[in-house]
Amino acid sequence: MAAASLFLCTGCKKQEPHPAQSPAPSSVISLTVWGGEDDEALLAEIFSSFQSNYADQATFQIHYQPQSESSCKDALLANLEEGADVFAFADDQVAALAAAGALEPIENQETIRAANLSASVEAASVDNTLYAYPLTADNGYFLYYNKAYFSENDIQSLNRMVEIAAEREKLVTMDWTSAWYVYAFFGNTGLEVGLNADGITNYCTWNQTDSPIRGIDVARAMLEISSSPGFASKTDTEFLAGVQDGTVIAGVSGAWNGVAIEKAWGKNMGAAKLPTYNCKNQQVQMASFSGCKLIGVNAYSKNKDWAVKLAEWISNERNQTLRFEQRGQGPSNISAANSPAVQESPAITALLAQSEFSQLQRVGGKFWDPVTAFATSMAEQNPSGTSLQEQLDRMVEGVTAR
Amino acid sequence: MKGRLTLQQRLVLPVLLLGLIMLLSNILAVFSIHNVNANAGVIVDQYMVSETKLESIRHSMMNIHRLALSHIVAADHATMIKLVGEIKEEEKILDEKLEDYASFVSKEDQQTYTALLDNYDSFKHALVFLVCASADSKTQEAYAMANGDVARYSGAAEEEINALYASVSAQAGDARSHLSVVYIISLITSAATLTVGIFLVAAAFRIIKKYVIAPIRDAMDTLKISSERINGVVSEVRKRTKTSHSQVHKLSGMTDDLSAAFEEIAGNASAIRDNASGTQSDVKETNEECLAITAYSVEMRGRAEEMEQSAQTNKEAIRAKTEEIMSVLHGAIEKSRSVNQINLLINDIFSISTSTDLIAINASIEATRAGEAGKGFAVVAQEIRKLADSCAETAGHIQEVSKVVTGAVDYLSESAQELVDYLGQNVLTQFELSVQSGQQYRKDASYIEGSMEAFNQRTDRLRNAMDEITASITGISEAIDGALPDVTGAAVSTHTLAEDMAEITARMDTNQEIVGELRKQMEVFANL
Chain A
1 MAAASLFLCT
11 GCKKQEPHPA
21 QSPAPSSVIS
31 LTVWGGEDDE
41 ALLAEIFSSF
51 QSNYADQATF
61 QIHYQPQSES
71 SCKDALLANL
81 EEGADVFAFA
91 DDQVAALAAA
101 GALEPIENQE
111 TIRAANLSAS
121 VEAASVDNTL
131 YAYPLTADNG
141 YFLYYNKAYF
151 SENDIQSLNR
161 MVEIAAEREK
171 LVTMDWTSAW
181 YVYAFFGNTG
191 LEVGLNADGI
201 TNYCTWNQTD
211 SPIRGIDVAR
221 AMLEISSSPG
231 FASKTDTEFL
241 AGVQDGTVIA
251 GVSGAWNGVA
261 IEKAWGKNMG
271 AAKLPTYNCK
281 NQQVQMASFS
291 GCKLIGVNAY
301 SKNKDWAVKL
311 AEWISNERNQ
321 TLRFEQRGQG
331 PSNISAANSP
341 AVQESPAITA
351 LLAQSEFSQL
361 QRVGGKFWDP
371 VTAFATSMAE
381 QNPSGTSLQE
391 QLDRMVEGVT
401 AR
Chain B
403 MKGRLTLQQR
413 LVLPVLLLGL
423 IMLLSNILAV
433 FSIHNVNANA
443 GVIVDQYMVS
453 ETKLESIRHS
463 MMNIHRLALS
473 HIVAADHATM
483 IKLVGEIKEE
493 EKILDEKLED
503 YASFVSKEDQ
513 QTYTALLDNY
523 DSFKHALVFL
533 VCASADSKTQ
543 EAYAMANGDV
553 ARYSGAAEEE
563 INALYASVSA
573 QAGDARSHLS
583 VVYIISLITS
593 AATLTVGIFL
603 VAAAFRIIKK
613 YVIAPIRDAM
623 DTLKISSERI
633 NGVVSEVRKR
643 TKTSHSQVHK
653 LSGMTDDLSA
663 AFEEIAGNAS
673 AIRDNASGTQ
683 SDVKETNEEC
693 LAITAYSVEM
703 RGRAEEMEQS
713 AQTNKEAIRA
723 KTEEIMSVLH
733 GAIEKSRSVN
743 QINLLINDIF
753 SISTSTDLIA
763 INASIEATRA
773 GEAGKGFAVV
783 AQEIRKLADS
793 CAETAGHIQE
803 VSKVVTGAVD
813 YLSESAQELV
823 DYLGQNVLTQ
833 FELSVQSGQQ
843 YRKDASYIEG
853 SMEAFNQRTD
863 RLRNAMDEIT
873 ASITGISEAI
883 DGALPDVTGA
893 AVSTHTLAED
903 MAEITARMDT
913 NQEIVGELRK
923 QMEVFANL
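Here the protein sequences line up with chains A and B, keeping their order. Counting from 1, position 347 in the first sequence corresponds to residue 347 in my numbering; the numbering is continuous, with no gaps. In my numbering, each residue carries its 1-based index in the second sequence increased by 402.
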């Protein structure tokens with residue numbers, strides 16, 4: 001991991017008495033924070049205001065290290081005691097982190113519950129116990145499109161959009177290397193995936209052969225889409241790069257890219273719920289995973305009290321508002337979410353429209369790799385030539401493995 | 403008695419000896435118990451507690467290990483969360499146990515203890531990896547960790563606990579041996595002090611028999627004889643005091659009566675004195691009031707004289723003023739009589755007017771005769787006639803006014819005369835009566851003044867008499883009051899004497915009882 005480090009240190013200014021638990025201003029509190037790659041500037045500003053607020057109590061060395069929220073759990077559990085003191089992560093990891101003892105129940109649960117949207121509180125809880133601080137309530141995906149190429153009618157169908165892109169020699173993209181996005185094709189087909197009662201293993205019927213829409217029907221639909229020159233499977237970073245260089249005119253992504261896309265497309269930026277796709281000669285609405293980003297405090301932090309304060313600071317109303325302004329991410333804080341600016345955001349509006357077809361992301365750790373392998377094969381037009389049903393069976397076997 | 407011990411010394415000496423032995427014996431016993439207790443305390447508090455704590459540490463280690471393995475086989479996150487919480491809680495408890503155990507570690511075991519802490523620390527780190535792998539569904543890694551680092555550090559820590567336990571057990575064995583030695587020494591010491599104690603008790607017994615019991619027996623015989631004699635004397639005294647007590651009782655009653663009589667007399671004298679004082683006060687007040695009335699009658703006489711003088715002066719002044727007014731008024735009335743001259747003048751005017759009228763008539767006739775030439779003259783004659791008529795009419799008016807004025811003057815003259823008569827007859831008469839009243843008032847005031855002076859002299863004498871009476875009664879009262887305490891004191895003394903006599907009788911009874919008790923006691927000692 002290429003670690004960038006943000007070093008903040010200011011000298012003490014006051015010599016007033018301090019709370020019993022607070023160290024003297026002369027003491028140096030060292031904290032490491034893991035955050036999204038694009039959050040560096042935002043977090044620097046947040047750290048600065050945190051330091052100013054507590055300048056009379058301590059001097060801080062706050063190190064920022066980029067760490068994808070989606071893979072935070074893996075990085076942290078690899079060496080928990082040496083991991084970050086404060087970290088941002090996707091809500092589907094909260095149960096595993098709590099089970100590993102990396103997260104402990106937060107102290108002021110009622111305050112946090114009252115301040116945040118109930119969905120985000122639920123996402124940050126295990127068995128009604130809050131283990132993390134809600135940070136965003138927008139961890140879902142929807143459709144970004146360039147209005148210069150697509151009409152309101154065009155964006156109703158993914159197949160139609162791919163055709164238009166092919167005609168214009170442009171691209172519509174979606175990340176098929178991420179099982180998170182691939183769920184979109186199976187979510188509204190009647191095929192099911194989810195977490196067993198043990199909270200660890202999964203059930204999955206994506207290879208079903210006797211349902212109205214079979215797994216193989218979805219696989220064929222995906223092959224049809226990927227066969228078009230107007231479609232490409234691209235990661236989030238590649239999608240944004242394509243938007244900026246003009247090769248991509250539509251794609252599936254989340255609110256975190258809203259600001260950058262608007263900067264690239266300006267008034268032509270459009271955001272909408274996901275389109276339908278052609279499956280077994282019928283239009284199936286694409287589904288999505290919904291979720292939240294959370295802030296956690298490492299239970300093994302050497303400065304746990306200050307880590308808790310910093311986590312509260314990062315996730316408070318003021319800084320969630322700042323996060324929306326700079327990164328376009330939807331706040332989980334009720335007051336921040338109700339602000340006019342948030343309510344008028346195209347990305348947030350699109351997310352709300354998509355929420356009708358979304359499901360809270362609750363799948364076990366065995367879900368990701370098999371689905372990624374299957375979807376990658378579909379994106380590459382089945383290079384191995386293995387039968388689709390066999391690939392589907394293998395995928396389900398992996399997903400449901402114990 | 404020089405060179406010989408007193409009975410007290412003979413008694414105290416063996417007691418002191420026995421006490422000394424008892425003290426020495428107890429000190430040695432306490433010392434021995436302390437030694438045994440100290441050694442037993444070390445065994446219990448140090449070694450046995452140390453062993454218990456090591457067992458507890460071992461148990462906590464095993465418990466944590468068991469919980470970690472349970473985490474791997476847990477089928478759901480809820481169980482894992484519960485287990486990881488229990489692991490952390492147990493680790494916290496074990497941390498405290500190990501810290502607490504530090505004070506039990508001997509210098510020889512310090513290295514083992516440090517190694518135990520290091521291995522336990524490594525064990526905890528390995529557990530974190532194990533639990534993380536387990537929670538992340540990396541079961542194989544978790545088992546590998548459980549069989550690897552976790553098992554290795556747990557085993558090492560177990561060996562160190564065993565080593566510490568063995569060391570503590572060995573030290574406890576040494577302490578038990580030492581405790582046995584201390585116990586045997588204590589037994590020997592107790593036996594020695596017991597032997598010395600027995601010897602000294604025998605010696606004390608002999609000393610008491612020879613130097614205490616025998617002399618007491620002799621003294622008892624003497625006491626018995628003396629007791630018989632005292633009993634006789636006491637009986638005689640009791641008889642006599644009972645007789646005296648009866649006489650004193652009567653005397654006490656008489657003195658009580660006398661005291662009561664004196665108190666009654668003193669009360670009466672006090673009442674008379676209070677009454678005399680009241681009368682004296684009344685006389686004094688009467689005297690003062692007489693003096694006030696006398697002074698007032700003098701003032702009253704002065705005012706009567708002033709009133710008489712004033713009435714006389716006013717009477718003279720009124721008279722002179724009346725005469726002066728009458729003189730002026732008469733002059734004025736006389737002057738007003740000149741109004742009558744107006745009537746004469748009016749008559750002259752009437753006469754002139756008549757003459758003028760006649761002349762005018764003549765002139766008119768002559769003018770008529772003159773004809774045309776006399777026409778102008780006729781007009782003049784006509785005018786003259788009008789003038790004469792006007793004069794007569796004016797004179798008539800003046801005459802009427804003159805009559806009114808003359809009437810008024812006459813009325814004024816009559817009224818002035820009535821006023822003079824009124825002043826002369828009524829006002830002056832009233833002033834004369836005032837002068838007479840003032841004179842009578844002055845005479846009455848002089849009479850009262852004389853009477854009050856005489857009354858005042860009598861009240862002075864009465865007051866002097868009351869002063870003498872009050873002084874006499876006070877003297878009597880003081881004499882009685884002075885005598886009363888003596889009489890009361892005599893009564894009290896008589897009472898006290900009676901009580902003393904009763905007390906003496908009672909004491910004599912007690913003496914007799916004591917003699918009886920002494921006899922019984924001597925009978926006890928007679929058996930020595």
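Don't read these hints as lab results, they were simulated from the structure. Among the hints, a few may not be true.
In the BS3-like style, the derived pairs of lysine-lysine whose C-alpha atoms are separated by at most 30 Å in a straight line are [to be verified]:
{"id": "1", "chain 1": "B", "residue 1": "455", "chain 2": "A", "residue 2": "366"}
{"id": "2", "chain 1": "B", "residue 1": "509", "chain 2": "A", "residue 2": "366"}
{"id": "3", "chain 1": "B", "residue 1": "494", "chain 2": "B", "residue 2": "540"}
{"id": "4", "chain 1": "B", "residue 1": "490", "chain 2": "B", "residue 2": "540"}
{"id": "5", "chain 1": "B", "residue 1": "484", "chain 2": "B", "residue 2": "540"}
{"id": "6", "chain 1": "B", "residue 1": "612", "chain 2": "A", "residue 2": "304"}
{"id": "7", "chain 1": "B", "residue 1": "805", "chain 2": "B", "residue 2": "777"}
{"id": "8", "chain 1": "B", "residue 1": "717", "chain 2": "B", "residue 2": "686"}
{"id": "9", "chain 1": "A", "residue 1": "302", "chain 2": "B", "residue 2": "612"}
{"id": "10", "chain 1": "B", "residue 1": "509", "chain 2": "A", "residue 2": "304"}
{"id": "11", "chain 1": "A", "residue 1": "304", "chain 2": "B", "residue 2": "526"}
{"id": "12", "chain 1": "B", "residue 1": "922", "chain 2": "A", "residue 2": "304"}
{"id": "13", "chain 1": "A", "residue 1": "302", "chain 2": "A", "residue 2": "170"}
{"id": "14", "chain 1": "A", "residue 1": "366", "chain 2": "B", "residue 2": "922"}
{"id": "15", "chain 1": "B", "residue 1": "922", "chain 2": "A", "residue 2": "302"}
{"id": "16", "chain 1": "A", "residue 1": "280", "chain 2": "B", "residue 2": "641"}
{"id": "17", "chain 1": "B", "residue 1": "526", "chain 2": "B", "residue 2": "509"}
{"id": "18", "chain 1": "B", "residue 1": "737", "chain 2": "A", "residue 2": "304"}
{"id": "19", "chain 1": "B", "residue 1": "526", "chain 2": "A", "residue 2": "302"}
{"id": "20", "chain 1": "A", "residue 1": "304", "chain 2": "B", "residue 2": "484"}
{"id": "21", "chain 1": "B", "residue 1": "455", "chain 2": "A", "residue 2": "302"}
{"id": "22", "chain 1": "A", "residue 1": "302", "chain 2": "B", "residue 2": "494"}
{"id": "23", "chain 1": "B", "residue 1": "922", "chain 2": "B", "residue 2": "612"}
{"id": "24", "chain 1": "B", "residue 1": "494", "chain 2": "A", "residue 2": "366"}
{"id": "25", "chain 1": "A", "residue 1": "366", "chain 2": "B", "residue 2": "499"}
Structure-based check of each hint:
1. Taken as a hint, the residue 455 (chain B) and residue 366 (chain A) pair is broken in the structure, with Cα atoms around 45 Å apart against an allowance of 30 Å.
2. Between residue 509 (chain B) and residue 366 (chain A) the alpha-carbon distance is near 54 Å, which puts this suggested pair outside the 30 Å criterion.
3. Between the alpha carbons of residue 494 (chain B) and residue 540 (chain B) the distance comes to roughly 26 Å, so the proposed pair stays at or under 30 Å and holds.
4. Using a Cα cut-off of 30 Å, the hinted pair residue 490 (chain B) and residue 540 (chain B) holds, with the two alpha carbons roughly 21 Å apart.
5. Simply put, residue 484 (chain B) and residue 540 (chain B) have alpha-carbon atoms about 19 Å apart, close enough for the 30 Å limit, and the pair holds.
6. For the proposed pair residue 612 (chain B) and residue 304 (chain A), the alpha carbon gap of about 91 Å is over 30 Å, so the pair is violated.
7. Of the supplied pair hints, the one linking residue 805 (chain B) and residue 777 (chain B) is violated, its CA atoms being roughly 43 Å apart against a limit of 30 Å.
8. Under the criterion of a C-alpha separation no larger than 30 Å, the hint pairing residue 717 (chain B) with residue 686 (chain B) is inconsistent with the structure, at around 47 Å.
9. Distance hint between residue 302 (chain A) and residue 612 (chain B) is unfulfilled; the C-alpha atoms sit about 90 Å from each other, more than 30 Å.
10. Distance check on the hinted pair: residue 509 (chain B) and residue 304 (chain A) sit about 36 Å apart at the alpha-carbon level, beyond 30 Å; violated.
11. A threshold of 30 Å between alpha carbons decides the hint, and for residue 304 (chain A) with residue 526 (chain B) the separation of about 18 Å falls inside it, so the pair holds.
12. Restraint check for residue 922 (chain B) and residue 304 (chain A): the C-alpha separation of about 94 Å exceeds 30 Å, so the hint is violated.
13. Of the supplied pair hints, the one linking residue 302 (chain A) and residue 170 (chain A) is violated, its CA atoms being roughly 51 Å apart against a limit of 30 Å.
14. Proximity of residue 366 (chain A) to residue 922 (chain B) is assessed by CA-CA distance (about 113 Å); at most 30 Å being required, the pair is judged violated.
15. About 94 Å separates the Cα atoms of residue 922 (chain B) and residue 302 (chain A), which puts this hinted pair outside 30 Å; it is violated.
16. Of the supplied pair hints, the one linking residue 280 (chain A) and residue 641 (chain B) is violated, its CA atoms being roughly 149 Å apart against a limit of 30 Å.
17. Restraint check: the Cα-Cα separation between residue 526 (chain B) and residue 509 (chain B) comes to about 26 Å, which is no more than 30 Å; the hinted pair holds.
18. A threshold of 30 Å between alpha carbons decides the hint, and for residue 737 (chain B) with residue 304 (chain A) the separation of about 143 Å lies outside it, so the pair is violated.
19. A C-alpha spacing of about 15 Å is found between residue 526 (chain B) and residue 302 (chain A), which places the hinted pair at or below 30 Å, so the restraint holds.
20. Taking the CA atoms of residue 304 (chain A) and residue 484 (chain B), the gap is about 21 Å. The hint holds against a cut of 30 Å.
21. Between residue 455 (chain B) and residue 302 (chain A) the CA atoms are separated by roughly 29 Å; this keeps the pair inside 30 Å, and the hint holds.
22. Of the pairs offered as hints, the one joining residue 302 (chain A) and residue 494 (chain B) holds, with about 15 Å between alpha carbons and a cut-off of 30 Å not exceeded.
23. Distance restraint check for residue 922 (chain B) and residue 612 (chain B): the Cα-Cα separation of roughly 24 Å lies within the 30 Å cut-off, and the hinted pair is therefore satisfied.
24. Simply put, residue 494 (chain B) and residue 366 (chain A) have alpha-carbon atoms about 33 Å apart, too far for the 30 Å limit, and the pair is violated.
25. Of the pairs offered as hints, the one joining residue 366 (chain A) and residue 499 (chain B) is violated, with about 41 Å between alpha carbons and a cut-off of 30 Å exceeded.
Against the hints set out earlier in the document, violations occur for numbers 1, 2, 6, 7, 8, 9, 10, 12, 13, 14, 15, 16, 18, 24, 25.
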